[in-house]
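Participant: Sequence:
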Amino acid sequence: MAASSSAMAMEKTQTALQRRESFMVINYTCFMNQRSTDTFRVRKSGMTAAATFNVGSNIAYSGASYRMSHPRRLEALAALSGMHPQPLPAARVLELGCASGRNLLPQAANYPDAEFVGVDFSGRQIAEGQAMIKALGIDNIRLHEARIEDVDGSWGVFDYILCHGVYSWVNPGVEDDILAICQRNLAAQGVAYVSYNVLPGWHVRNITRDLMRYHTDGIESATEKIVRARAILGFMGKNAPGNSAYKALLAEEVNSVQRSDDAYLNYEFLQNDNHPCYFHEFIERAASHGLQYLGDANTARLSIRAAPQEAQAALANLPLLKQQQYMDFLLNTSFRRTVLCHDHIRLERRRTGNLLDRFHIALSGRPQKKLRLDVTSKETVDIALGNNTISSNSPFAKAAIQHLIDVFPGSVMISDLHKAAIALLEGVGYPLSDEPATRLEDMAAVVMEVYLGGAIELSLHPPKVASTVSDLPAASPLARLQASTHGKVVSQLHETIVLDEFKRQVVSRLDGERDPDSLWLELARAIDRGEIEVDSNSMESLDDILEWCRERALLIE
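Take the position in the sequence shown, starting the count at 1, then add 3; the result is the number in our numbering.
These are computed hints drawn from the structure, not numbers from a lab. These figures come from a predicted structure and were not determined experimentally.
Cβ pair distances, simulated, as ranges:
(1) S521 with P311: 53 to 59 Å
(2) I210 with P434: 57 to 63 Å
(3) Q192 with R532: 54 to 60 Å
(4) N174 with H347: 27 to 33 Å
(5) K137 with D220: 39 to 45 Å
(6) E525 with K381: 49 to 55 Å
(7) K422 with D474: 25 to 31 Å
For each residue, glycine too, the CB sits at the ideal point set by N, CA and C.
Make the full structure from the sequences, and use the hints.
Facilitator: Set out below in C-alpha cells:
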C-alpha cells in the first residue's frame with residue numbers, strides 16, 4: 004500500500020447498529036481426550052429478525068440479508084447430518100416472501116451457475132428488485148409478483164427453500180401453504196428454512212404488542228400509529244409501579260422495541276397477523292406435511308450446551324424434539340430458524356469431528372482488530388469474536404483460534420488449521436510434549452464443539468473474500484451498486500454493513516481499476532468541489548478504510 008494516500012488523508016484530517024436481544028450464555032467443557040482438562044465456553048448473543056414482506060401500508064419493509072438463512076449454512080448442516088444436498092454452486096433456490104430480493108440477490112451474484120427464484124405479492128418491491136437485477140446484469144435470478152399460495156407443482160423442485168420472516172405474519176391458511184410448498188417443491192435431498200416467532204418468549208412480547216395495538220386502534224396513518232406506539236411504550240416504561248419482576252421484564256422489552264426501526268415495529272407489533280407458536284406445535288404441523296426437523300440455522304441451538312450443567316444432565320436422555328422444547332422454556336426463546344427436510348431421510352444426529360475433512364472452517368464473528376493471543380499461556384482467556392466469546396486455557400486451542408483470527412474473514416481446511424496451530428506453537432518454542440492432545444482428531448473434536456457453540460462456521464463452498472488489500476482493491480458489483488445509492492451494503496459473508504458517507508463514497512468506487520493513490524485523488528477532488536460532504540474532524544485515512552472493508556468481507560480477490 005502506498006504511503007502517500009495515508010499521508011494525504013491524514014493531512015485532510017482524520018464510526019453498526021444492531022438490535023440487541025437477550026444475552027444467552029453457553030457453558031460447556033470440551034475434552035480433547037480423556038486426559039484433557041481444557042475448558043471452552045462460548046457466549047452467544049441471539050438476534051431476532053424482522054418480517055420481510057409488505058402488507059400494503061406506506062411504511063415499507065424492503066427486507067435485508069439474513070446470514071443464517073444463506074443456503075451455504077443449510078448445505079453444511081445437511082451434509083453434517085448425513086444428507087447429500089445439491090452442491091450450492093449448481094442448486095435451485097426458492098425464497099418465499101422475498102420482498103425486493105435483498106436476501107436472494109447477493110446469493111445469485113456469488114453463485115452465477117445456480118438458479119434463484121423469489122416470490123412476493125408486493126409489486127413495488129418486486130419492481131425494485133428487478134431494477135437491481137438489470138443494473139447488475141445477472142441472469143440467474145427471477146423475481147415474481149405473486150402470492151405464496153400461487154406456488155404450485157409447475158414451479159418445479161428446489162434444492163433450498165427459504166422463508167424468512169413470513170410464517171408467523173400470515174394467516175393460518177398461508178402458514179399451511181408454506182409448509183406444503185416446502186414438501187411438494189423440495190428436492191429429494193433438499194433443505195427448507197423457515198423462521199417464525201415462538202412461545203414462551205412471545206408471551207412477554209405480546210404484552211407490548213397488545214398495548215401498542217390497543218393504544219393506536221382507530222388511527223389510519225401508519226406513521227401516526229408508530230409515533231403513538233412509541234409514546235405509550237415510553238409511558239409504560241417510566242410508570243410501571245415498584246421494583247417488581249414485572250417492571251424489570253417490561254422495561255427490558257420496552258427498551259428492545261424502542262431500539263427497533265419503524266418498519267420492524269410496524270410489521271412485528273401493529274399488524275393484524277402475528278401468530279407465535281410453540282416449537283413442538285410447529286414441528287407437528289411440519290410433520291403433517293411430510294417434513295422432519297433437521298436442525299436450526301443458529302448452530303448454537305443444535306445441542307443442549309446452552310443449559311446449566313444440572314439441566315443438561317436432566318435433558319440428556321430425552322428425545323431430541325423434547326430437548327429442544329424444554330430448551331425454549333429454559334431460555335425464554337422468542338424466535339426460531341428451523342431447518343426441515345423430507346421425513347423419509349435417515350439423519351445422522353451424532354455430529355462428530357471425523358466429519359470435518361471436507362469443510363472449510365471460519366470464525367462466525369469478527370475478531371478484535373489485530374488481536375494477538377499468548378499461545379504459550381495456560382491461563383484461561385476470554386476471546387471476543389463478534390457476538391461470541393470463546394474461553395480457553397489450552398495453548399493448542401489458542402494457536403488454532405489465532406490462525407482463524409489471522410485469516411478472517413477467510414477460511415481454512417481442518418488439516419491446514421492443524422498444521423498452522425502446530426507451526427505457531429513450535430515457532431514460539433512451546434514444547435508440544437506439554438500438550439495432552441495435539442492430534443488432528445483432537446483438533447477436529449474441538450472445532451466441532453465450538454461449531455455447536457455458534458462461534459465457528461462450516462461451509463462446503465465458502466464465500467470469496469480478499470485476504471489482503473490489493474494494489475487495485477475491489478468490492479463486489481452488488482456492494483458497489485448498493486453503496487452508490489445508500490449506506491447499507493451486503494458483504495461476502497451475507498451480512499448487512501452500514502457505511503458512513505465517506506465509506507459509502509469509497510466502496511462505490513472500488514471497481515478494481517483504481518489504485519489507492521488514484522482513488523484518493525478522485526475523492527479529494529470531489530470533496531474540494533463540494534460533491535462529497537464529510538466531517539473533516541472524524542474522517543479516517545483511506546488505508547484504514549480499505550482495511551476496515553477487508554475485515555468486513557467487502558473486498559474480493
